[in-house]
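Kindly produce the complete structure, drawing on both the sequences and the hints.
Here the protein sequences come in this chain order: A and B.
Residue numbering for the first sequence follows my numbering, starting at 1 and increasing by one per position.
Residue numbering for the second sequence follows my numbering, starting at 1001 and increasing by one per position.
Note that these hints are calculated values from the structure, not bench results.
Predicted model, so just to flag it, every value in this text is computed and none were measured.
C-beta atoms are modelled at their ideal positions from N, C-alpha and C, and glycine is treated no differently.
It is possible that part of the hints are untrue.
[Claimed, not checked] Quick list of simulated restraints, FRET-style, between CB atoms: (1) A:Glu77 to B:Arg1114: 19 to 25 Å; (2) A:Gly228 to B:Leu1216: 48 to 54 Å; (3) B:Phe1014 to A:Trp81: 45 to 51 Å; (4) A:His189 to B:Ala1258: 43 to 49 Å; (5) A:Val62 to B:Ser1174: 17 to 23 Å; (6) A:Thr61 to B:Gly1172: 19 to 25 Å; (7) B:Arg1086 to A:Gln75: 16 to 22 Å; (8) A:Gly134 to B:Ala1258: 36 to 42 Å; (9) B:Arg1086 to A:Arg64: 21 to 27 Å; (10) A:Ser97 to B:Phe1010: 45 to 51 Å; (11) B:Arg1275 to A:Asp221: 54 to 60 Å.
[Stated by the list, open to error] Covered stretches of chain A, as calculated for chain B (at least 3 residues, CB under 8 Å): (12) 42 to 56; (13) 74 to 87; (14) 92 to 98.
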Amino acid sequence: MNQALVALERVTHAYSGPPVLEGVTMRVDAGEFVGIVGPSGSGKSTLLRVLAGSLTPVAGTVTRTGPSRIGYVPQVETVNWDFPVTVSEVVTMSRTSGRWLPWSSKAEQAEVATVLDRLGLGGLGRRHIRELSGGQQQRVFIARALLRQASLLLLDEPTSGVDVRTRHDVLHLLDDLNADGLAIVLTTHDLNGIAAHLPRLVCLNREVIADGAPRAVITPDVLERTYGARMEVIEHAGMPVVFEGGRHHEDATGTVAPVIDIREGAR
Amino acid sequence: MSGGALLEPFTFEFFRNGMVVATIAGALCGLIGVYVVLRGMSYIGHGLSHSIFGGAVASSVIGINVLAGAAVWGFASALMINGVTRRRAIGGDAAIGVITTAAFAVGVALISVRRGFSQDFDALLFGNVLGVERSDIVVVALVAVGAAVVVFLGYRQLLFTTFDPEVAETSGVSTARVDALFSLVLAMSIIATMRILGVTLIAATLVLPPVVARMLTNSFSRMLLLSTGIGAFCGLVGMYASYQLDIASGASIVLTGAVLFVGVFTVTGTQARRRLGHAHL
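Next comes the structure, spelled out in structure tokens:
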């Protein structure tokens, strides 16, 4: 078994009303690539914040093991694009320890240039973040996480509001980073474009509905329990493809059935 | 105007003192103002200066050192604003409105109950640049150096916390501690400059330089330098203009900033329209 970077045990969280997360148990191991899917308001972003450590749950335990550094990439909609900050300034702001001078040393400048080059942002260091395309903007925040040598990258809706090509590029970049050993957890609404391509999916609707490989998780029953609506699933080129437009389903009791754990060698 | 008339004000010590203190105070407010504006708390200067006025009056009534009492009152108000904004779904602007007006009201209530103060609060309300002494210059200079050291050593933490507080927290930055330190620096800056600029005009000296600097650059580090320089320039030119035009110095400093704002706003707006025009050709 791989080393767990973060493990949640029966985690519940509420803001000022009913719980947005209830009894969530999951773990993220070193080198994993996990997608979290669910409808709006299902607790995806809250779960990501709990994993990141920026939210302390009202109940349950969060265990971090090993020297896990977390890189958090927020939703682009939450970024203040009018803030006067260049690409290099965003990337280096995460280096808050080990250097007390405001400006970068030559070694750090070289490190920033290497990270920017790797993410296809070479030569854009002096640009204002608003002057970049949607995909480049996303990569700036990934670069910030990489510069602090994160072992776990958390991304909140990394492909929302971007075109198909950019989505493709971002997914490929994340795949490359994961192949280099970086553990990744992302939230997404995109079942066909993103979720179906990931090795592990967590279907969330306040509780974990299912957790496993996409082919096992993306089924009409699981999707109906997750989204409250019937969806058809067909297989194309060995991958599940979801068709929306089935019968709308509402659970009159409001209860959610036990977690379906369908991963190979489920823990 | 002859050369002698141009240099005449520099023959007076009170004017030289005023010019030095206005320049340092302008630079200090320009530096701190960058964080104030980018945190969307432009009215905190206005609110805190009122709150500190309440603290000064209360300290006078209690019989403790007015400056020390005002400092504690101002720092406590700034901390409360941060605390309320963090813990409840209340915006920073509303928190500023509630806490600082309440603190100001305490001062007003005490003045109405206890008439005949030995302390003169006119300078706090309206400022008195020309009445400054060497000790005032030393106080403002010390606070300015302290603020510059905090900004220099905490540059990345302050930038991260201002730009992206949630991610800063997950990246190991204690945003609560950074906010508390910034509140302390802000309160000290307002107290140090309040006697010079006055409660009523201090907000403008915190807001105008960073706003002008923001129109001139897209880089945070350059905005910090520009805003500090613009603040110092407004203090220097505003003081000189106040002597030559025979108008109140606080108003003259703020109006210098306002003229700069209009000028830069007009020029950068015209440049942007030109670029847009070229792009559409």
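Results for each hint:
{"no.": "1", "hint": "A:Glu77 to B:Arg1114: 19 to 25 Å", "result": "violated (53 Å)"}
{"no.": "2", "hint": "A:Gly228 to B:Leu1216: 48 to 54 Å", "result": "holds (52 Å)"}
{"no.": "3", "hint": "B:Phe1014 to A:Trp81: 45 to 51 Å", "result": "holds (48 Å)"}
{"no.": "4", "hint": "A:His189 to B:Ala1258: 43 to 49 Å", "result": "holds (47 Å)"}
{"no.": "5", "hint": "A:Val62 to B:Ser1174: 17 to 23 Å", "result": "holds (19 Å)"}
{"no.": "6", "hint": "A:Thr61 to B:Gly1172: 19 to 25 Å", "result": "holds (21 Å)"}
{"no.": "7", "hint": "B:Arg1086 to A:Gln75: 16 to 22 Å", "result": "holds (20 Å)"}
{"no.": "8", "hint": "A:Gly134 to B:Ala1258: 36 to 42 Å", "result": "holds (38 Å)"}
{"no.": "9", "hint": "B:Arg1086 to A:Arg64: 21 to 27 Å", "result": "holds (24 Å)"}
{"no.": "10", "hint": "A:Ser97 to B:Phe1010: 45 to 51 Å", "result": "holds (48 Å)"}
{"no.": "11", "hint": "B:Arg1275 to A:Asp221: 54 to 60 Å", "result": "holds (56 Å)"}
{"no.": "12", "hint": "42 to 56", "result": "holds (count 4)"}
{"no.": "13", "hint": "74 to 87", "result": "holds (count 7)"}
{"no.": "14", "hint": "92 to 98", "result": "holds (count 6)"}
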